[in-house]
Amino acid sequence: MKYQPVIGLEVHVQLLTDTKIFCGCPTKFGSEPNSQTCPVCLGLPGALPVLNKKVVEFAIKAGLSTNCSITPRSIFARKNYFYPDLPKGYQISQFEDPICQRGWLDIQLEGQAVKRIGITRIHMEEDAGKLVHGDLPGLHDGSGVDLNRACTPLLEVVSEPDLRSSDEAVAYLKQLHQIVTWLGICDGNMEEGSFRCDANVSVMPVGSDTLGTRAEVKNVNSFKFVKQAIEYEIQRQIDLIEDGGTVVQETRLFDPNLGKTRSMRSKEEAHDYRYFPDPDLVPLVIDDEWVERSRRELPELPEQRRQRFITELGLPEYDAEVLTANRALSEYFEAGVSAHGNAKAVANWVMGEITRSLNDSGTAIQDCPVTPLLLAELLKLIDGGTISGKIAKTVFDEMWKSGKAPHVIVEEQGLVQVSDSGAIEAIIDGIMAANAGQVEEYRGGKEKVFGFFVGQVMKASKGKANPAVVNQLLLDKLKG
Amino acid sequence: MDTIDMTIHGLHQALESKQLSSVEATKAMLARIEAVEPQVGSFITVTPEQALAGAEAADRRIAAGDMDMLTGIPLALKDIFLTEGIRTTCGSRILDNFIPPYSATSWEKLRDRGAVLLGKLNQDEFAMGSSNESSAFGVCRNPWDTTRIPGGSSGGSAAAIAARQATATLGTDTGGSIRQPASHCGCVGLKPTYGRVSRYGVIAYASSLDQVGPLTRDVTDCAIMLGALAGYDPKDSTSVDLAVPDYVATLPNGVKGLRIGLPREYFIAGLDADVQKAMDAAIETYRRLGAEFVDISLPHTDYAVATYYLIATAEASSNLARYEGVRFGHRSASAEGLIDMMTKSRSEGFGAEVKRRIMLGTYALSSGYYDAYYVKAQKVRTLIMNDFIRAFADVDVMLTPVAPTPAFKIGEKVNDPLQMYLSDIFTIPVNLAGTCAMSLPAGFSADGLPIGVQLIGRPFGEEAILRAGYAFEQATEWHRATASL
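The listed protein sequences correspond, in order, to chains A and B. Using the working numbering, the first residue of the first sequence is number 1, and each one after it goes up by one. Using the working numbering, the first residue of the second sequence is number 481, and each one after it goes up by one.
It is possible that part of the hints are untrue.
[Stated by the list, open to error] If you want the footprint, here are the derived chain B segments under chain A, 3+ residues with CB under 8 Å:
no. : segment
1   : 575 to 582
2   : 676 to 683
3   : 709 to 718
4   : 792 to 798
5   : 807 to 819
6   : 842 to 850
[Unchecked claim] With a cut-off of at most 30 Å between alpha-carbon atoms, the simulated BS3-like pairs for lysine-lysine come out as follows:
no. : chain 1 : residue 1 : chain 2 : residue 2
7   : A       : 393       : A       : 448
8   : B       : 856       : A       : 267
9   : B       : 835       : B       : 893
10  : A       : 79        : B       : 715
11  : A       : 267       : B       : 824
12  : B       : 715       : A       : 130
[Claimed, not checked] Residues from chain A shown here face chain B by an in silico Cβ test under 7 Å; the list is partial:
no. : residue
13  : 39
14  : 46
15  : 78
No lab work stands behind these hints, which were simulated from the structure alone. Note that the structure is a prediction, hence the values are computed from the model and not measured. The beta carbon of each residue, even a glycine, is placed where N, CA and C say it ideally should be.
Same shape as in the complex, but just chain A:
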């Protein structure tokens, strides 16, 4: 029998606010355990939460960018369970009436039609702290609680079960990742857990309209692992059914070392979270004016920008796709275009030399030592015939190292292109005289040696001879 996988994703997006969601403590990481805490995030008796408005603004941005409706009156709820990293014994989250509802993202796999993936909801919530085990100050081989992370703001983005393969899941996830990083509301670091994903996976016979029992796979913290975990889980469920077994509803943990999922807790062991509206927080009212203001403040999104690069700048689809991979790269490119004018030329350099140098040195585009203005200047030197494209690469390498302007480097190193035909003719004459044999060969019809002469001339001119002029003069002279 053939099986159809059905997948839905729940993604936790850690927000890049300066302070926590319900108190004024900094969200900075790597500090002394429990140093970034106060009565509120420690869950001390009598402490009360106060909502960080920035979190709401980020949530609205995320909602608008994923085509959600913004709920005019959303409420916070308590999710009750005991765990030592959860200081209040409940997590403040949203349950009924989350801030964003009914959105979608379009994905497209290579060679396939565009597919729309529904987003059920996006809600705001606080993170828990973390447990640390081992040798701790004053405690040998013990367990401790670090509440620095407690109360940091998260968005949970819940998709509809519209995904039908691991590739679709990854495409959706990448797009969501691109949007939240593009908006600047999340750093997108999956290894550190700033962007983490749980996958709900089930299978059903092809043609069936009854969904199978789903398993929730937790702890998948890279795109690669998402693909691996989903594929493993699909196969596990199919094998189970084929062997006459039944899939049980459970939570499973993905082990990246083994590439497998294993049972964490069954439905019977599942918590009854006893959600109810948090009486310490008043309903969050977001009027149309607020939504519209946020909409106006939204940056151009990757998809819109990609389209514009194609239609307005005339870039090939591939270039537009690459140059909108992240916001900083696209902004670098646009700054280059506005300083230079030739979009394709700038695109070639950004996708070529710039990307290569960034990758080789592990530098982020934001920290690129060659600014868009300097890049444009370099391209203008080529356009004006001051340097050749080949010399430009040498100049670029020097710009990368020293941060100097290209005209300074050209001047300092005497790299100005030689287009003076007299000077070039003198070189050519010298080379033809020294290589009479090859001249004969060429004249005898062996035109391949032309390249040899070009190389010799360029070498003799230290690369500065204008290649076009060299070509023309060589042709003239060799033909005699």
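Use these hints to put chain B onto chain A, whose structure you have.
Chain B alone, transformed into the frame defined by chain A:
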């Protein structure tokens, strides 16, 4: 007049005119506490050092001419208010070693005005009770008859006033916890409108119902205290940003033409005869003062107690989850492993009534029961609120009994929680409606036990009930009576 008998405004005059220093007044109070505490048990913790330091600082302020109505006044707080560096137990064994690192906003406000802290008062554990008998820190007795309960949960707050151990006190009221003990101990007790006073730093029982309020010797003191406590607190999202009126200034405006509602559902068969008598006399007094009476109905009153015990316990079951021995409070010495530690710490730390309410609330929120209990209770709560809104279209204030009977005997109802719950039948609807109400001394039973009447006001209508209370007080002598302790 003896220092310990003075009101806030009386003591203020004495301090202002230098007849008395705050240190002298404070020492008199500390001496009184020491003398009668064995008979009353109002306090969980007495703080003589802090009190004297506070009094000295107040005297310096007074000498410098930087004086407020509360400067140098010796007060005591229910042990539900967090006090930085001073043990705060909430009447529970689970917090018997808890020293808070911060203070409640309400105490900070009083302290900043120069009030002096005498100590922390006895209460029902986590404010769950109507008799103060669920305290883990011993019995608190009614100063009018020490075989009887002082009421609860702010039992110590009321008893301390009746026993003249503090000039004024703070309590909290979730279902009547200020008004009922005030009635039983013959003092004035005000539950302000929900959102009028910050809850920050007050240990939560039922967050949507809890409200901070004063217990005092007279209505003027109550107005002074409310003026100091009220106001928006950015640390409490449920506090309301509304200007605070001068409650004292409008006290003498009288009740001529005031329309007072008598909700017929509150005059039930079986109401104690002495309570009925006090009510009748109060009505007569108000009539004489020129108020008009209107017969009104609050039709959903019957459902209030049941509604309260679903909502309050549901919220409590969640609010009390943080007491698990991990970060503060009692941790079981005999536990092995995490789950065992949490379970044992809670089992050992919480008393029977608290456990009962956690279980009730957990049940009410459980999957499959949530709609039938919690959601339905919230709907009934809305109906009860609407009852009040509709009734207040016709009247300015309401007049009702506070409790169906005067103070009962210690031990009388401990084994009958339902009977105990019914003692809050007239006070609970006010919390559900979120509005304000005050208990006012209005007579004595044949046995010499104080009886209070309740004035209920519109939301944020504290001025009206204080004014009505003041007029009543001017026309009667009840508030001047003192227990012979």
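Quick rundown of the hints versus the structure:
1. 575 to 582: holds (count 5)
2. 676 to 683: Holds: 5 residues of the segment 676 to 683 of chain B have a Cβ under 8 Å from chain A.
3. 709 to 718: Since three or more residues must qualify, the claim that chain A covers the segment 709 to 718 of chain B holds, with 5 doing so at under 8 Å.
4. 792 to 798: As far as the segment 792 to 798 of chain B goes, the hint holds, because 4 residues have Cβ atoms under 8 Å from chain A.
5. 807 to 819: holds (count 3)
6. 842 to 850: This one holds; 5 residues, not fewer than the three required, reach chain A with a Cβ under 8 Å.
7. A:393 <-> A:448: 27 Å, holds
8. B:856 <-> A:267: 27 Å, holds
9. B:835 <-> B:893: Given that 30 Å is the threshold and the Cα spacing comes to 18 Å, the pair holds.
10. A:79 <-> B:715: Status holds; Cα separation ~22 Å.
11. A:267 <-> B:824: The given pair, whose Cα atoms are some 26 Å apart, holds under the 30 Å limit.
12. B:715 <-> A:130: Holds. Residue 715 of chain B to residue 130 of chain A sits at ~26 Å (cutoff 30 Å).
13. 39: 5 Å, holds
14. 46: Holds: closest Cβ of chain B sits about 4 Å from residue 46 of chain A, inside 7 Å.
15. 78: 5 Å, holds
Comparing the model with each earlier hint shows no violations; every hint is respected.
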